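Residue numbers (this note's numbering), protein chains in the order written: chain E, 15 to 353; chain R, 15 to 353; chain D, 15 to 353; chain X, 15 to 353.
Heads up, some of the hints might be wrong.
Put simply, identical chains are the same to the list, so a pair is met inside one copy or across any two.
To be verified - Straight-line alpha carbon distances no greater than 20 Å define the calculated SDA-like cross-link-like pairs of lysine to any residue that follow:
#1 Lys313 with Arg351
#2 Lys177 with Asn100
#3 Lys177 with Gln138
#4 Lys38 with Gly318
#5 Lys38 with Met15
#6 Lys313 with Ala283
#7 Lys206 with Asp54
No wet-lab data here; the hints were simulated from the structure.
Model, not experiment: these values are computed from the prediction.
There are 4 protein chains.
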Amino acid sequence: MNFASDNVSPFCPEILEALTDEGKSNAPAYGSDDISQQLDTAFSKLFGTDVAVIPVATGTAANCISLSALVSPYGGVVCHPEAHINEDESTGVAFFTGGAKLLTMEGPTAKLEADALDQFIAGQVNRGVHSVAPECVAITQATELGTVYTPDEVNAIGDVCKKHGLKLFMDGARFANAVAHLRCHPADITWKAGVDALSFGATKNGAMAVDAIVLFDTSLKARIEQARKRSGHLHSKHRYLATQLLAYVTNDVWLKNAGHANEAAAVLADLLCQHGASLAHRADGNELFVNLDLGLADKLRASGVQFHPWPSLGAHVYRFVAAWNTNIAQVRAINERIS
Amino acid sequence: MNFASDNVSPFCPEILEALTDEGKSNAPAYGSDDISQQLDTAFSKLFGTDVAVIPVATGTAANCISLSALVSPYGGVVCHPEAHINEDESTGVAFFTGGAKLLTMEGPTAKLEADALDQFIAGQVNRGVHSVAPECVAITQATELGTVYTPDEVNAIGDVCKKHGLKLFMDGARFANAVAHLRCHPADITWKAGVDALSFGATKNGAMAVDAIVLFDTSLKARIEQARKRSGHLHSKHRYLATQLLAYVTNDVWLKNAGHANEAAAVLADLLCQHGASLAHRADGNELFVNLDLGLADKLRASGVQFHPWPSLGAHVYRFVAAWNTNIAQVRAINERIS
Amino acid sequence: MNFASDNVSPFCPEILEALTDEGKSNAPAYGSDDISQQLDTAFSKLFGTDVAVIPVATGTAANCISLSALVSPYGGVVCHPEAHINEDESTGVAFFTGGAKLLTMEGPTAKLEADALDQFIAGQVNRGVHSVAPECVAITQATELGTVYTPDEVNAIGDVCKKHGLKLFMDGARFANAVAHLRCHPADITWKAGVDALSFGATKNGAMAVDAIVLFDTSLKARIEQARKRSGHLHSKHRYLATQLLAYVTNDVWLKNAGHANEAAAVLADLLCQHGASLAHRADGNELFVNLDLGLADKLRASGVQFHPWPSLGAHVYRFVAAWNTNIAQVRAINERIS
Amino acid sequence: MNFASDNVSPFCPEILEALTDEGKSNAPAYGSDDISQQLDTAFSKLFGTDVAVIPVATGTAANCISLSALVSPYGGVVCHPEAHINEDESTGVAFFTGGAKLLTMEGPTAKLEADALDQFIAGQVNRGVHSVAPECVAITQATELGTVYTPDEVNAIGDVCKKHGLKLFMDGARFANAVAHLRCHPADITWKAGVDALSFGATKNGAMAVDAIVLFDTSLKARIEQARKRSGHLHSKHRYLATQLLAYVTNDVWLKNAGHANEAAAVLADLLCQHGASLAHRADGNELFVNLDLGLADKLRASGVQFHPWPSLGAHVYRFVAAWNTNIAQVRAINERIS
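Extracted from the complex, chain E is given alone in its bound form (with noise of 0.2 Å):
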């Protein structure tokens, strides 16, 4: 079983049947179809406010265009150094937005803290325009190191960046997840709560290749369509975005799919800790993080398990992560193949 990444796994059911449909006849190009039209409603609903949605197909797309609209050239955005946009995106940040720097500050299990953040902020040096002021935070939800930010927690943060007058972004990559976990609305964890733009994920939860930019203040879409247009993000069939946009968050296809791989990884950590395991920190999606001893990691891996080390967390701790279509009865079977 294949637990490297759940980017490893394909599309869903209800994704291919959508294209498939959208296969047969012509449409209008770059998002005057009439699947693209429908995504602005069909967010507007889901979040419970007037939103803008604007379809790419990559996390690096969604996360970077979002920031250019939300920070100046000369700014900071303030975030973990486990980011995925400081970690993960090569130089993206700085090229979309002609230069910002990232401001990274440490926060247990990938989180930003908000007490922790306000006293971050106020303490930057403030040397006018010699030094760089903090524009923007950005969170990522669920966290890379698969934690939830509670409704609460993300309101405390968003509280801190008005006090500052910063702006609020949220790396959705796994929003899914966090959302399935914390059974919320997705108002409890966004506009409600300070976030201004959200990458709205779902490559990774079943889709093949679409991420959301969701604006909640939608002044910035203007802006931020020049910005994809510009970088080679404005799709030609634009309606094959929208397609499995709209397919995903049609009938909790989304929430079904984050559910299941929350309730595959739970099963997972269960049956790793029977072995022996323990979990270096709490579990709350479909990302687990796991002390093995050798013993246990080799069993598992000649039993076809497949999982990367994290050394960054210690020399004996693992990456799980469980996918839309991780097949639970199978991870149940991992028992006896390493018992």
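Starting from the structure of chain E, add chains R, D and X where the hints point.
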């Protein structure tokens, strides 16, 4: 019938089938999968030389990422004013290259002519660091006005580039239509003629969303891959870009689709000319630019034919674009509706 | 005598004296000194309205930093092909603006004409995010070909900008020569005529190295100061930029210098015409573009007169530039040497 | 007395004299003049090897333009958090390099230590195109905290760079103070120790506004000159940059000025320590970081001594900077005022 553009067409059956197959199982991310690993070999065979292939989802990305490796931030890219990079990609070239400038020169039917190009380059005032020196020539094959460079024409341009020490880039958004028209080997209008890098278009001609950067100078690969990642164009489920691309070149699907589109355009041209229209200029591929009197234009529209006016060529000039899925019997049937 | 350019001249005595004085004591850095603090007031008085002044050491910096606050990375700057920003500043505009594109339009003697500008802007194809929309118009006063816009001409251009919602920028590398020629109030060709920002040149006209960004829209100040710092144009010993600038506008040194240069050019023009030369076009300021037969050109050179051919205006056209320090008696003495 | 910074000092007499001389006549622009042409030779002699010298007006320009030729837009620059490029140059490095990222690592008194550097580089997670690979190391000599790298220390860092294939850049805003302290040959802490490019500061140490980019790898010259021009840092009256620089290195003015500043700082240090202060760390050059109790700080201020608190080193730490023009007798006289 919709002749607004070839990007109103859906994807073709071969690509749907390949995607559907590739939707059944897990596979490594970011290009480590089996399908992605086959691309270099497949395209090297297709072009008859060693090439490196980097798939991206859009033509703008393919063009601009390519140029970012061919020109410095201080240099110029010579192109026709009608070039897609000049007219339809916002400020993408400057963005990806870090500031390179488009230097436009005229030529009939959107084509650069080698002699004029030679003079244009020689005539650029060289004021050292003050002025912008041409570093690259970019041509489009087939052109934005539906014409096709012959192998001799590309060769002559390649020779001019060599003479002046410039790189040669080809925007091949409709490369297939050009090859189908010329019935030449793809090598004859690319590396053998001096082309350093090619945007090999697939989206308009039957794919969902994939164009390939084909590097004849494979030493550019590492830099192109960095530029792709940092601009958000590296897909996590990379196999779905590769799957489209591999299906597209397998069994000559690309040439079959393009040949069909070209033929449909020729049938339409004949039909329109029989009704008093005339071509604004020769139509080599799947795009027609046609002089229509108002009566005929109205009749066509009334019978459900969609197409765009093309005012840059004249007040009564219209563009019609056929695609891989244009129904030729239905094209012929237009005759009755407008007689 | 050296008529190669006005930037071959040294600095003028008033500026040397001021610098020498300011070399006697310590003072706060980065613009907190007394001299720097006087600039806004001095220039507000000079222009008859509240302005913000940001000095930099070069005209390219003044132009490009100004434009970075007037145009987005996705927009276009309309200018004449002869404009310094188009011909002599490498890829500076794209660099500072993050990608904005120069949209060139012709006009006689390097001037944009309001009616033609109106048509040019109206005629720009608007394909939304695909195309580049004009956001700013840039004119040069005096122009690169030595002509000067009248207040009415600038006003008319200002009106066109307002009509289309564009910003108006003026490259005033030789602003003093224009004002000396027009004998108008500086306000008449700037803010009263719709100019948003001006590069107020001093270097060519008697300074060592300082041009000032003059903002009639003072709300741009903070952003301009950020752009200045991060591009390395904020001097630590800022007072020496300010000192040059203040000396330059004190006691109308700027107008005295420019008036002298204009007069010297006029004297030279008369002299050359008496010897059979003819002006390629009217000379309003300190630059002459002159048709010379080879005999006369050779005679001039033989007598130690330096000047440049200007092939873009014709095979026998040459440029002569007078400066604040051109010795008019020596100009007159050329007569004997070439008779 | 003003110890706020060395950039509160004016220019030195030798430079005023040279500028005054160079103000008497015309000369070619943009570096074609006689003085500018002497720079490469003068600095090659100074460094004992062939170098290329490109003067600019500020340290930020010298640093950022240099780095733009040493690192790709996708790469990282390793530096100390206290580095001027990290703390005091806004987002300049990202701007000039097209996106390169600063990778900060700690070290005592603002110095990188070779062993720790080796481990830091080795420890950078290499995730290929996803992560940012170090391409260059940047050190400051003398450091922002007033300490100086010995030749052995620079050599050790140079060796680490060679081992990992990285470039080595030196910010020498106070290079003269370092050389004056070490009494070494300038070669010993630059090219012989592996430095590829140096910002050779003059502004703080007696110039009006000039720092030189000194390239030990002269193949970088053409690119650096393009970067200088397009960023607005090529002065038209280039000779005045060159004049300052040539006067600065003639007759060892640079070492005389720096030696004086270092001595003044040492005298001040002794005096303060006699009054109960203690150095926060060793003072190698012209900057002191001193622990003062409030009484002493108040007394000093009351007696007209200016200096800044330095909270990053502690609540009671203050910075004092001496300059080329600090009057040592007056420094000694402080004693009476605070006794």
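Under a CA distance limit of 20 Å, which applies to Lys38 and Met15: within one copy, between copies, both, or neither?
between (35 Å within a copy, 14 Å between copies)
Homo-oligomer pair classification [Asp54, Lys206; C-alpha up to 20 Å]:
within (18 Å within a copy, 44 Å between copies)
Using 20 Å as the alpha carbon limit, work out where Lys313 and Arg351 are close: within a copy, between copies, both or neither.
within (8 Å within a copy, 73 Å between copies)
With 20 Å as the alpha-carbon cut-off, assign the pair Lys313 and Ala283 to within, between, both or neither.
within (16 Å within a copy, 66 Å between copies)
First find the shortest C-alpha distance between Lys177 and Gln138 inside one copy, then the shortest across copies, and answer within, between, both or neither for a cut-off of 20 Å.
Answer is within: at 15 Å inside a copy they meet the 20 Å cutoff, but 35 Å across does not.
Between Lys38 and Gly318, at a C-alpha cutoff of 20 Å, which is it: within one copy, between copies, both, or neither?
Classified as between; 19 Å across copies, 40 Å inside a copy.
Can you tell me if Lys177 and Asn100 fall within 20 Å by alpha carbon in one copy, between copies, both or neither?
For Lys177 and Asn100, the Cα distance exceeds 20 Å both inside one copy (24 Å) and across copies (26 Å).
Consistency with the previously given hints fails for number 2 only.
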